[in-house]
Every structure is written in structure tokens, then in C-alpha cells.
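K.L.:
Read off the chains here:
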Amino acid sequence: MERISTIHEINDLINKKEITYKEVTNAYIHRIESVEEKVQSLLKFMPEEALKKAEEADESGNTLSPLNGIPYGLKDNICTEGYETTCASKILYNFVPPYSAAVAENLNASGAILLGKTNMDEFAMGSSNENSSVKKTFNPWDISRVPGGSSGGSAASVAAEEVVFSLGSDTGGSIRQPASFCGVVGLKPTYGLVSRYGLIAFASSLDQIGPITKDVTDCAIVLNTIAGHDKRDSTSVSMEKKDYTTFLNREIKGMKIGIAREYFAEGLNSQVESLLKEAIKTYRDMGAEIVETSLPYSKYALSAYYIISSAEASSNLARYDGIRYGYRTEEFDNLLDLYKKTRSEGFGEEVKRRIMLGTYALSSGYYDAYYKKALQVRTLIKEDFDNAFKSCDVLLSPTCPTTAFKIGEKSANPLEMYLSDIYTVPVNIAGIPAISVPCGFDREGLPVGMQLTGRAFGENDILKAAYAFEQATDFHKKRAVI
Amino acid sequence: MDYEIVIGLEIHSELDTNSKIFCGCSTTFGAEENTQTCPVCLGLPGTLPVLNKKVVEYAVRAGIAMDCKIANFSKLDRKNYFYPDLPKAYQISQFDLPICQRGDVEIEVGDYKKTIGITRIHIEEDAGKLIHDSGEGTLADNNRCGVPLIEIVTEPDMRSAAEARTFAEKIKSILEYTEVSDCKMQEGSLRFDVNLSVRKNGTKELGTRTEMKNLNSFRALERAVEAESRRQIFELERGNRIIQETRKWDDDNGESFSLRSKEEAHDYRYFPDPDLVPIVLENSYIKEIEDHLPKLPWVRKKDYMEKWNLSEYDADVLTVSKDTASFFEKTVEACGDPKSVVNWIMGDISAALNEQNISMKDVKFSPGDLGELIGLINKKAISVSIGKQVLKQMMETGESPSKIVEKSGLSQMNDEDELKKIVLTVLEKNPQSVEDLKNGKEKAIGFLVGQIMKETKGKANPQVVNKLIKDNI
Chain A
1 MERISTIHEI
11 NDLINKKEIT
21 YKEVTNAYIH
31 RIESVEEKVQ
41 SLLKFMPEEA
51 LKKAEEADES
61 GNTLSPLNGI
71 PYGLKDNICT
81 EGYETTCASK
91 ILYNFVPPYS
101 AAVAENLNAS
111 GAILLGKTNM
121 DEFAMGSSNE
131 NSSVKKTFNP
141 WDISRVPGGS
151 SGGSAASVAA
161 EEVVFSLGSD
171 TGGSIRQPAS
181 FCGVVGLKPT
191 YGLVSRYGLI
201 AFASSLDQIG
211 PITKDVTDCA
221 IVLNTIAGHD
231 KRDSTSVSME
241 KKDYTTFLNR
251 EIKGMKIGIA
261 REYFAEGLNS
271 QVESLLKEAI
281 KTYRDMGAEI
291 VETSLPYSKY
301 ALSAYYIISS
311 AEASSNLARY
321 DGIRYGYRTE
331 EFDNLLDLYK
341 KTRSEGFGEE
351 VKRRIMLGTY
361 ALSSGYYDAY
371 YKKALQVRTL
381 IKEDFDNAFK
391 SCDVLLSPTC
401 PTTAFKIGEK
411 SANPLEMYLS
421 DIYTVPVNIA
431 GIPAISVPCG
441 FDREGLPVGM
451 QLTGRAFGEN
461 DILKAAYAFE
471 QATDFHKKRA
481 VI
Chain B
1 MDYEIVIGLE
11 IHSELDTNSK
21 IFCGCSTTFG
31 AEENTQTCPV
41 CLGLPGTLPV
51 LNKKVVEYAV
61 RAGIAMDCKI
71 ANFSKLDRKN
81 YFYPDLPKAY
91 QISQFDLPIC
101 QRGDVEIEVG
111 DYKKTIGITR
121 IHIEEDAGKL
131 IHDSGEGTLA
141 DNNRCGVPLI
151 EIVTEPDMRS
161 AAEARTFAEK
171 IKSILEYTEV
181 SDCKMQEGSL
191 RFDVNLSVRK
201 NGTKELGTRT
211 EMKNLNSFRA
221 LERAVEAESR
231 RQIFELERGN
241 RIIQETRKWD
251 DDNGESFSLR
261 SKEEAHDYRY
271 FPDPDLVPIV
281 LENSYIKEIE
291 DHLPKLPWVR
301 KKDYMEKWNL
311 SEYDADVLTV
321 SKDTASFFEK
331 TVEACGDPKS
341 VVNWIMGDIS
351 AALNEQNISM
361 KDVKFSPGDL
371 GELIGLINKK
381 AISVSIGKQV
391 LKQMMETGES
401 PSKIVEKSGL
411 SQMNDEDELK
421 KIVLTVLEKN
431 PQSVEDLKNG
441 KEKAIGFLVG
451 QIMKETKGKA
461 NPQVVNKLIK
471 DNI
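The listed protein sequences derive, respectively, from chains A and B.
No gaps in the numbering here: position 334 of the first sequence is 334 in this note's numbering, and each next residue is one more.
No gaps in the numbering here: position 68 of the second sequence is 68 in this note's numbering, and each next residue is one more.
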């Protein structure tokens, strides 16, 4: 068991009958028991249910799919029927949905085994997991550092090998940034590729669920299972299913890789920059064509993002009012008092900050100056990418300007924290796909992530480019020592 | 009067779809509390709305019937406010791009006709209902959450309570005819908000308006307009200003009171709902709906007058309700005698309905049955007076007229030989009347016919009886 850690490796051993599903699940349960105390990535751990499913998988003897019998984790904003789904928020501390998210249904049908629900920044708002109302998660590479966020628990659990893979959600970088900080692979699919049904909304027009895995092959395998049309989500796109694994092992020679000059500018950590330059060289050596390009409006992306996402969040989170489910304040005088106390006590500081920001941006008299303007910027950013993709197939950039920062280092300064998402946010605004893959380590041994961005529904392009890089390097094989 | 009243209406109507606007739950009225709900209409975290296509179709139908421009592109927006009957804390509605705009509806008030402008029609979801008198504090019934509505907004084109009422009635009739809504007012399927201001005659500028919400009968609408216009004129006459505000009409006491002023009005923070995609309608789709639109009352009225020579009054009365009009048309189809059908529907049937306080929809027999009854009378199988008796039984049992006639032996006696015996007996018993008749007192024949009818329980064919009397004196 020491060396295996990916879906495809487990499948090889299962097929050779060298291992049983029960042994696999047991190994991960033991791993959680030994490292979870240090990592703190899970909000819920379900070993009994998982073992029962693993035994059933062994008994039935069939291999339903590559995910059959594979233990995984779900971010705690993805609904699981009969199990608490809390968004790491006090306001939903006792919420048990009577339905499962579409992705959870798909994974369940494929035979994958849910082993735990993972920690996150409350309502997916944050870049460090420090905004969880339950606990902080620590970076498996250095437990004095944050795992990133908001899918910090999902990324840390994969990096710590507590689960084989996990799902996160990405609104402005929440899959890719923690994947980068934790040295794993994280994909934000094209908006509309994966059903959002059962994903507790943060910002509906930006949210997408995606896989966090140990390598690119696993990423393609998980994407195969979770992608596809769902009539319960009006924004889900109806299109022919692709087998993403078939795009991996393809010739990269001649592929055009774009470098946007704005992404290699002020604020970028020099070690991160030099590792990215080496990655560019790796691609050039493989025969890819490097193209310089520009995304001039990307400097407005972060501002537009905080208007749009906060505006949507202010409306999406209004339903948590203490009337029907979740937290309710103990004492109140009247209805308004019930609302005010419940929400003041139930939400954390960052969530309240964004609700207020969003409420303000949508208010009569300010709508045109903020929300409407942000939507105009959104159009310009989309056009930026359209223009860039005229001359290249994928865009290469850092995932984040830095490696994982220290716990508490940025929590006093929200604006500085927001800058952590500067390279990931434009991708959500444009609704296009991007993947973060490990591209090296800084002098302190912390992982650095490279982001590859593709055209809408161009997951096959970025997976192909990411796979080629992975084949040419060994970064994904290095493991965190906990 | 020195003042002119200016009225605009906002009309909410529940659509007659089987399922709700964004989920598959039933819309049936009166079910046990919270039994017609699901995670989507309860707005549970993570659920998403999916627009019911029927709602779009019904709104387009209403729009076409009100002569609106149907939008090729419209969208759904969130109207944000907190209230315990609104589980998502926003209502999905339409803000700046409604599905229908700029329509016209013609009304006839007394002796003049007038066109009322329709500003817009948009679709939206209804909220739930709070129950305050349960004894367990306030409870929420969410069955109505997500029931589809259209809101029809008019221009400030009405000038009197009578105009407002006539217009509201006309809208009800259009919605019923187009099968967009059942318009059951007692179930809240049709509700009116009144925007009203007054101004001195000859003034061009509009006065400050007030809004009265949720009037749910024509009577309440009419009374609220009268009372509010009186109140505003009274205030202005005393030198006071009208405050822009929302008022609540108290129908029991016949007065309104202030609910909230403009300053206290909600900021609904409308924005496009990111969970839904825009509604894009091709012209071919709109045309298809237009081609299949059920016939509207004014079209039917014209038909009745031109094809069947009905008087304008008769045609008006018959087309007030779609049920009556349809019953009328189908009966005419069955018997081919529009004049008789009018007489029966507007006479005995309408009297019976009034007496029992029911509507045409509740009638137990079919238009075919009424057609058969008229046929029986026309071919003299029964007399008109027997027909009236048969109709009574039809109303009670729903049995077909031929069956009733057969069962009760009510067929008309036309056989001369059979009748002659009875006529002779009656003549013999009433020598004085026979004498009177011989002396030219024509009135006496009536008495004799009456006696024969009595003997035959009304079944004797009166024409044959008349002839037989004259032949045998």
C-alpha cells in the first residue's frame, strides 16, 4: 500500500487481484486516523458506511467504472442525502438535506465510496480555510501554513492521502488555489459542464464543481463521471459526452501555448516566476509553440469579481433566516429581531462582509455604478480571452502569485487575501476551464502550481497539455511528509 | 365634480397550469398544508429552479389576447425581500424585460367604448401563506410557493369606479376564455392592486397616487376606488397634500388605512436570476400560439349576431362567461335552433341556476341533452310545458330528456282517435261552455282545452285538441 495513491494505480492492482476494495478503504481509514489530527481536513468522517460499501464492492465482484470502490471526499457545500451539509457555517450546523447533489449521485452510481466531507471557508468565501466556523485546516506540506481555500479541506485531504480524490467548488479559484498550495491537481470545468444541482450556492453565475486529484489521469477519470447535462440545472449545457482520458496521451508538438504578459508582472513571487519560466521551457522543449499574448482587462477582474460574486451571494444567502432550518437565535422580540440576531450570530465575519458589499452594490442608486459596471467589465474580460484564443490553444500562467502563506498571515487584511486569487478569478468571470498542476517547489519545499486555461469546453486541450507536462516532470510524484 | 379620478390597475392572476412555475409540484388549491412542496419550491440550499414551459405559453396567450407585443427576449429577475412566507427570501419575477408589453383592451361602459392601455404582463412565482390563528403561533403553509402568476399592469387610463370594474371583468373574461386562469376569486386566483390619484378637471399633470393592494372582488375594487377618490378629494379640498403611500383596504368597514409611505418602501434590489437562462421566443412559436388561441368573447359575440341573428343583448349575456358561451354553441350544434337555445338558456336554465346559486359549469346535463330536448319539442313529441318539466328533472338527475319522457310517460298525445274520446267526454260534461262557444264566446275554448289537458296530464297536443273541439261542437 505504501506506493499507491492514484485511481489508476488502485485499478491496476484490483484488476491484478493483488488487493481488495476493502483493503483499499481500510488503508485510507487508517491513514485518516493517523494524520487527520495534524491536517484537520475533514468535517465528517464516515468509516463504517465506507467499509460496508467496500465489502459490497468486493462481493459483487464487478468493476462498474474506474471509480468503483475508490474512497473520496466531498466539499461540505455539496449536498449529501441524510448527512449534514454545513458549508462550514454555524448557520447550517444541523442542516441535513433530503437530497444529494447531482455530482454525489453520479459518483455514487459509479461505485465511488464517500469517506468524508471536507472543511472549507464558510460558504466558500476565503482563500485559506481560516474562515471555516468549525476549525482550521493545515497544509500537509507545512502545518504552520494554510492549505489555501476555499476548497482547502478537499485539497489537503488529497495531498495528505486521506482520500484518493475529492471534489471542490470553484467560484474565483477555490479549487485551483488550494490545489496549487497543496501540490495536487485541481480543475475548474467550463461553466455549465458539471451540474450545480445540490451545490449550495455562493455565486451562481461563477460556481462550478470540479475534481482535486493526485495527477492529471485521475482528473480526467473523475471529470468523465461528473460532467454531463442535468435537466435540474438550467445552466447545465446539453452536449455529447467526451471521454477525457482519450485526450491525454496525444502529441503536444505544435500546440500553441499563450503567455499573457499581464500575468507575469508586479506582485508575482520571484521563485514562482522562475519555476513558471522553467515550465515554459519544458513545453518549448517538447515542441509546443510559445505565443506571447495579452489580457488587458484582467486588471479589473478582481474588482468586478467582488461586485458580482458578493451581489449574488447577498441574495443566495438571504434564505438563511432562522425560520425553517439551520441556526436560530435563542431569544428575540419580533420577526425583524429574529432575522437580525440569527444572521448576526450565524454568519462569520467574512460572509457578513460580502453580504453587506453585495447588498450595497445592488441597492437602488448604486446598481448602475457597481453591479451593471461589473457586468460590462465581465463582457470585456470574456472578449479578452476570445481574442487571446485566436492565437493560442491554451494559456499558461501561475495559479497564484505566491506559495502557501502562514496561518494568520493575511487574515487581518482581507484585500491582501483577495489578491491571492488574482490569476484564477478572470477564468470564472469568463466561464472557461482551467487546471492547476504542480510545477515545482520553492526553497522552503512548498509546492508551486501552474495554471493552464482553455477555451469554453476545451477541457480536452488543457488536460492534454497538463498530461504532457506531467509526463515530462516528476513534481506530482513528490509526497507531503506529515 | 371638479375633480378627475385617474386609475391604473395591477392584476395578479394564478395560471391554470398543473404544476408549479419552477418545479413539478401540483398547484391544486386547498390541499393539506405543506403537502404540495419539494426541496425546489421550499428553496432548500443547493436546489435550482427550472422554468415550466407551460407558464411561458399561458403568458404569451394572455399577451396575444390583450394585443400585446410579445418579447422575443425576456429574462427572469430576483426581487429580494425578507418575509417568512418567502422561503428563498427572493421572489423570481421579471423586472425590466417582461414577456409581454404595450397592449390594448377595449371596454364598453354604459353607452361609450374606451381603450385601456396594457403597460406590461410579466410572469412570477407566488409566495406561501402565513397562518396566524392556529393556536401555535404563526405557521407557514408553503403549498402556494411557486404557483405561477402573471401580473398585468395597465396605463393610468381609467377614470371611474365603473370603468375600473368593467375593465377588471373584461380581464377576467379574457383569462377564462384563453384558459390561462380559472379566475376563482374566492381562491385568490385573481387579485387587484389599485393605483389612484385625482386632479382638478383640465389639469394635465397627474396627482400624487396611492396604492391599495390585494382587492379580491369586483365589489371591493369598486368600493375601494370610490372611497379612496372621495378621501383624496376631501384632503385636497381641505388644503392638504396627498402622501404617496401603500394603503390597505378594509372591505368590512369600507375604508382604507395607511400601510407604509414611499420612504418606507422596500428596495427590492432586482437583478437577473443567475440560476435561469433568458426566455428566447421565436416568432414561429408566438404564431403557433396565436393560431391556436381559443376564440375570444368579442369574436364569439360578433359570430352570434351575424351567423345566428342574435340580438346584441342576447349575445352579450351569453358571452359573459366562457362556460355559458360554450354550452350555447354546442347546443346549437346539436339541435340547429339558436333561437330556442337562447330562450332556454336565458330563461328556465338561468332561473334555475340563480335559484340554486350554481354556475353553468355545475349543470348536470350536457349540451347534447338540451339539444335533444329542443328537438323533442320541435318535432312535437312533447309540448313546451312538458319540456319545462323535463328540464327540471334534467337539472336534478342529469338524465337524458328522452329517457325522462319515456320513464314518466310524458310523450305528447297526437293520435286524433285517442284524443277524440277524451274531447267528447269533456264536451259532454261542460254543456254551458259548449253553448258559450257556439254563441261566439271564443274564451270558452280556453277553458275546454284546459280541462282536456288536465285529463291528459298536459300531454295532449293542443293544436289537435283545438281542431277536435271545433269539429265536434
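Keep in mind that the hints were calculated from the coordinates and are not lab data.
Be a bit skeptical, because a hint or two may be false.
[To be verified] With a straight-line cut-off of 27 Å between C-alpha atoms, the simulated BS3-like cross-links for lysine-lysine are:
hint: 1; chain 1: A; residue 1: K231; chain 2: B; residue 2: K53
hint: 2; chain 1: B; residue 1: K262; chain 2: A; residue 2: K372
hint: 3; chain 1: B; residue 1: K129; chain 2: A; residue 2: K341
hint: 4; chain 1: B; residue 1: K53; chain 2: A; residue 2: K341
hint: 5; chain 1: B; residue 1: K248; chain 2: A; residue 2: K372
hint: 6; chain 1: A; residue 1: K382; chain 2: B; residue 2: K420
hint: 7; chain 1: B; residue 1: K361; chain 2: B; residue 2: K54
hint: 8; chain 1: B; residue 1: K53; chain 2: A; residue 2: K241
hint: 9; chain 1: A; residue 1: K340; chain 2: B; residue 2: K75
Just so we're clear, the structure is a prediction, and the values are computed from it rather than from any experiment.
K.L.:
Next, verify each hint and record whether it holds.
P.N.:
Hints, one by one, checked against the model:
no. : hint                 : verdict
1   : K231(A) with K53(B)  : 13 Å, holds
2   : K262(B) with K372(A) : 25 Å, holds
3   : K129(B) with K341(A) : 24 Å, holds
4   : K53(B) with K341(A)  : 40 Å, violated
5   : K248(B) with K372(A) : 35 Å, violated
6   : K382(A) with K420(B) : 100 Å, violated
7   : K361(B) with K54(B)  : 24 Å, holds
8   : K53(B) with K241(A)  : 26 Å, holds
9   : K340(A) with K75(B)  : 32 Å, violated
Hints 4, 5, 6 and 9 from the earlier list are contradicted by this structure; the remaining hints agree with it.
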